[in-house]
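Residue numbers (my numbering), protein chains in the order written: chain A, 1 to 284; chain B, 285 to 580; chain C, 581 to 887.
No wet-lab data here; the hints were simulated from the structure.
Computed from a prediction, not measured in an experiment: that's the story for all the values here.
Hints are supplied without guarantee of correctness; some may be wrong.
To be verified - Just some of the chain A residues that point at chain B, by a computed CB distance under 10 Å: (1) 22; (2) 29; (3) 39; (4) 91; (5) 95; (6) 96; (7) 102; (8) 109; (9) 171; (10) 175; (11) 177; (12) 198; (13) 202; (14) 241.
Unchecked claim - To spell it out: a stretch of chain A is covered by chain B in this simulated footprint if at least three of its residues, at any positions, have a beta carbon under 8 Å from a beta carbon of chain B; those stretches are: (15) 252-258; (16) 261-272.
Every residue gets a Cβ at the ideal spot worked out from N, C-alpha and C, and that includes glycine.
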Amino acid sequence: MVNEHVKQNVYFILFRIATFLSIVVLLFILLFIFKEGVGVIDIKFLTSMWSHRDITQGGIFPAIIGTIFLAIGVSIISIPIGICTAIYLNEYAKENLLTRTIKLAIRNLAGVPSIVYGIFGLAFFVLFLKLGGSLIAASLTLGFMTLPWIITASEEALKAVPLSFREGSYALGATKWQTVRKNVLPHSFSGMLTGSILGISRAMGETAPIIMVGATFFMGYLPTSPFDKFMALPYHLFILATQHSSPYAREYALGTALVLIALIFMFNFGVFVLRYKLRRKKEW
Amino acid sequence: MQNHRKLKEKLIEIFFSAISIIALLILIGIFVFLFITGIKTFTQISPAEFFLGTEWNPTAYGEPKWGILSLVIGTLMVTFGSLVIAIPLGLASAVYLSEIARPKIRETIKPIIEMIAGIPSVVLGLIGILFLSPLIAKVFGLSSGLNALTSSIIVGIMVLPTIISISEDVLTSLPNEFREASLALGATKWQMIRMILLPAALSGILAAMMLGLGRAVGETMAVLMVAGNSIAMPFSFFDSVRPMTANIAIEIKEVVKGSLHYEALFAIGLVLFVMTFIVNFISDIIIEKQVRKYKW
Amino acid sequence: MKYIYLIPVLLLVILTVGYIYKSGITGEAIKNIEDIEIKGSDTLLQLVSNMAEAYSELDPAARISVTGGGSGGGIAALINGEIDIADASRKIKESEIKQANDNGIDIWEFIIARDMLSVIVNKDNQISKLTMGEIGKIYRGEITNWKELGGKDKEITLYGRQSTSGTYAFFMEHVLEGDYSSKMRNMEGNQAILDAVRQDKSGIGYVGIGYLVDDNGKQVSGMTIIKVAKDKNSEYIYPLDKEKLFDYTISRPLYQYFAGKPVKNSAVYNFLMFELSAQGKEIVKKSGFDEIINIDNEHNEELLSKI
Chain A
1 MVNEHVKQNV
11 YFILFRIATF
21 LSIVVLLFIL
31 LFIFKEGVGV
41 IDIKFLTSMW
51 SHRDITQGGI
61 FPAIIGTIFL
71 AIGVSIISIP
81 IGICTAIYLN
91 EYAKENLLTR
101 TIKLAIRNLA
111 GVPSIVYGIF
121 GLAFFVLFLK
131 LGGSLIAASL
141 TLGFMTLPWI
151 ITASEEALKA
161 VPLSFREGSY
171 ALGATKWQTV
181 RKNVLPHSFS
191 GMLTGSILGI
201 SRAMGETAPI
211 IMVGATFFMG
221 YLPTSPFDKF
231 MALPYHLFIL
241 ATQHSSPYAR
251 EYALGTALVL
261 IALIFMFNFG
271 VFVLRYKLRR
281 KKEW
Chain B
285 MQNHRKLKEK
295 LIEIFFSAIS
305 IIALLILIGI
315 FVFLFITGIK
325 TFTQISPAEF
335 FLGTEWNPTA
345 YGEPKWGILS
355 LVIGTLMVTF
365 GSLVIAIPLG
375 LASAVYLSEI
385 ARPKIRETIK
395 PIIEMIAGIP
405 SVVLGLIGIL
415 FLSPLIAKVF
425 GLSSGLNALT
435 SSIIVGIMVL
445 PTIISISEDV
455 LTSLPNEFRE
465 ASLALGATKW
475 QMIRMILLPA
485 ALSGILAAMM
495 LGLGRAVGET
505 MAVLMVAGNS
515 IAMPFSFFDS
525 VRPMTANIAI
535 EIKEVVKGSL
545 HYEALFAIGL
555 VLFVMTFIVN
565 FISDIIIEKQ
575 VRKYKW
Chain C
581 MKYIYLIPVL
591 LLVILTVGYI
601 YKSGITGEAI
611 KNIEDIEIKG
621 SDTLLQLVSN
631 MAEAYSELDP
641 AARISVTGGG
651 SGGGIAALIN
661 GEIDIADASR
671 KIKESEIKQA
681 NDNGIDIWEF
691 IIARDMLSVI
701 VNKDNQISKL
711 TMGEIGKIYR
721 GEITNWKELG
731 GKDKEITLYG
741 RQSTSGTYAF
751 FMEHVLEGDY
761 SSKMRNMEGN
771 QAILDAVRQD
781 KSGIGYVGIG
791 YLVDDNGKQV
801 SGMTIIKVAK
811 DKNSEYIYPL
821 DKEKLFDYTI
831 SRPLYQYFAG
841 KPVKNSAVYN
851 FLMFELSAQG
861 KEIVKKSGFD
871 EIINIDNEHN
881 EELLSKI
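Chain A on its own, in the form it takes in the complex (with noise of 0.2 Å):
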């Protein structure tokens, strides 16, 4: 038995190790890139835009700007769409084969490469609907490749409300509608908000969709309408990390992904805290 209690000595150590390992692994990360980047960071670089010549004379402004548009354009492309796509499939449609395979499929779209969506709308929004490389083509791609996620997050929401909720609501006579606006979904709105949070955070950091629909590595102009090209954080950083001549190009594509996490975590931070609160609220 004393055997027993080494083995098992020795193998939860191992498995302390394990957990702490991934740990280190995300702080050494997140503590490189602030190292190394925070240098470059200073109002100049939030606020300035971008300059060729000599970048350290310039900011990535364009970049910050064209990534908050694209988190704008997504998430009004994706979130009415998959919410109400998630009520009905799960409040409203039949529980039979069709609907349990259309929900499978829906969250095997999620997992399908980021890359794969952005040729279809690289095919489909940029050359077909002749909508060129643009704010709106990179929106509808990234949208189309959030949806998904969004529609398979929200549904997780409303099926974490119990059953007796909704046959209670019936029990008292209340028609369908008023069950789903009154008693499942003020409960599941936590749930759907921070799914969409997250995916909407996911979109922001994608570069190979926005690649080929209308990214740009220079602009000396803000995009103003829909149909303009546009910067962004994770292609700029991209381009500065593999491309740029300029001495500094490797503290600044540092710094300009510092940005991005911090931009990234603050929304995963609302949403960890959001979750936090409510769950405190719940009691079941």
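Fit chains B and C to the known structure of chain A by using the hints.
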């Protein structure tokens, strides 16, 4: 009054169903569009040459070559390598979080792991180029750190959170009766985990690995930056590889719409779509079965 | 603690204000802007971006966007009707011209700079000069070890560009006259090749000369630039040697392809004239490239006279 309400209900239902149909059409449409564009490739390139040809060189000096085998092997190598790293680490962490850690610690660590999932691919690629790749070159005495090994490590990091969180979910969903019964019989915790929980959760954990696999296959930016991207058939993990995703990302910029090269890239995209879709589909079915088995 | 929610709101407000201010949305009505979309060669990316920036200072209404991706990408985009100007570090192919014409696009070719395409090795490498034939053999994979050239016993690591790159294509046509060795690592851009060769003691790469000089015209450190000779009997020429420009064998014109005739006084026309002006030539030199030579000038003049 009744009729009025019934009408409103019906309209609302129609509204939601219409939106869902739109969503479904969109998602189906994506696949259809890809399919139409990609399938045209095979009117000019034989499937045999495409899937079994070992050389991919559409812009060759002489005859263009369209064999994706070396690209597929590149994808498989990086995926395999990443799983070799992520599965042991991930499983161990999942067991720790679900069975050993105190609830407070678990609640703190879980979000931290989720944060890794939030790091964009391009940022990890950056770390790969600036830090990991020179390190690997130094450690192994290579002339360059841009190879399958570096790619595997980076992709492994990206896949880790998926494996951890799903495995942990599967383990936590196992009924407590399992734990209580085995402990009551005098088993140590480790014995309980090893002999009762893990076998019971096996299919769910398998599914987690498959989802991780799906993610690894689809990874684009990070591998693009550290894989070396040479078209030669790779023979060892120290060789440069060119996974399918990176290949599409590289070449899509130069193709003329409607050209054979363009269609061929879509065909590769289709292959990726099908691969990831099937892997995810199977793992989802497994998870659903697993969850249903043990929920009372 | 409640006030933590104010932070994102505050940030949003700042961003919105900054955006409105900088984009001039509330300023004067944006009149007559003609957007110029330029895409293509990575080799030209820095140069043309510098040009665009300088030009915008002269004509603030002009909106120019410059993207890289490779000559192939630029030309493809031009053919697809997506952009106004394609930067290219290789000549457009006959088949591409035909494709453009089929799409109703007339191609106008102008030369804006000259590049001394340079071969580089790590500074630890003793080899400092090669003939065109030797370079070809190395990149075709026929010579695989430095010792075959009198250097150390180390396997050669080949660094090159990707197939979208005009530099890749040009090098293949003019130096290799055959296919690249499949072992060559395909890097995304000139800078990636530079970085790789700096770190790899047995590496060899090719880059546009613009990437080898810094803003003051000094050669960047960490690598040796190979002197190239036509054959074993000819002189070995250093690409940064301004006296011997004519004799350097891997010299190439850098092109800009326009979608259709540049109409006089249109934005693209004015931009073109700026690039060919004395100020433009200064920028060419500052970016590390060389001014166009006589045959290039004649080519341009001939086309300009038709406008």
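Q) For the hint on residue 91 of chain A, does the least C-beta distance to chain B fall short of 10 Å? A) Hint holds; residue 91 of chain A Cβ to chain B Cβ min 8 Å, cut 10 Å.
Q: With chain B as the partner, please determine if residue 102 of chain A meets the hint condition of a C-beta pair closer than 10 Å.
A: Holds, because the Cβ-Cβ distance from residue 102 of chain A to chain B comes to roughly 7 Å (cut-off 10 Å).
Q: Report holds or violated for the interface hint on residue 175 of chain A, using the least CB-CB distance to chain B and a cut-off of 10 Å.
A: Since chain B brings a Cβ to about 5 Å from residue 175 of chain A, closer than 10 Å, the hint holds.
Q) Hint check: is the beta carbon of residue 96 of chain A less than 10 Å from a beta carbon of chain B? A) violated, 15 Å
(Q) Tell me if the interface restraint on residue 177 of chain A is satisfied: Cβ within less than 10 Å of some Cβ in chain B. (A) holds, 5 Å
**Q.** Hint validity - residue 95 of chain A Cβ closer than 10 Å to any chain B Cβ
**A.** violated, 14 Å
**Q.** Interface hint status, residue 198 of chain A versus chain B (Cβ within 10 Å)
**A.** holds, 8 Å
(Q) Under 10 Å is the threshold here; is the Cβ of residue 241 of chain A close enough to any Cβ of chain B for the hint to stand? (A) holds, 5 Å
(Q) Just to make sure I understand the rule, a stretch counts as covered if three or more of its residues have a C-beta closer than 8 Å to a C-beta of the chain. Does the region 261-272 of chain A meet that for chain B? (A) holds (count 5)
**Q.** Interface hint compliance - residue 202 of chain A to chain B, C-beta minimum distance less than 10 Å
**A.** Given a least distance of 7 Å, the restraint on residue 202 of chain A holds.
Q: So, residue 29 of chain A near chain B? Judge it on the closest CB pair being under 10 Å.
A: holds, 6 Å
**Q.** Three-residue Cβ test at 8 Å for the coverage of the region 252-258 of chain A by chain B
**A.** With 3 residues close enough to chain B, the hint holds.
The structure fails hints 3, 5, 6 and 9 (numbered hints given earlier, in ascending order).
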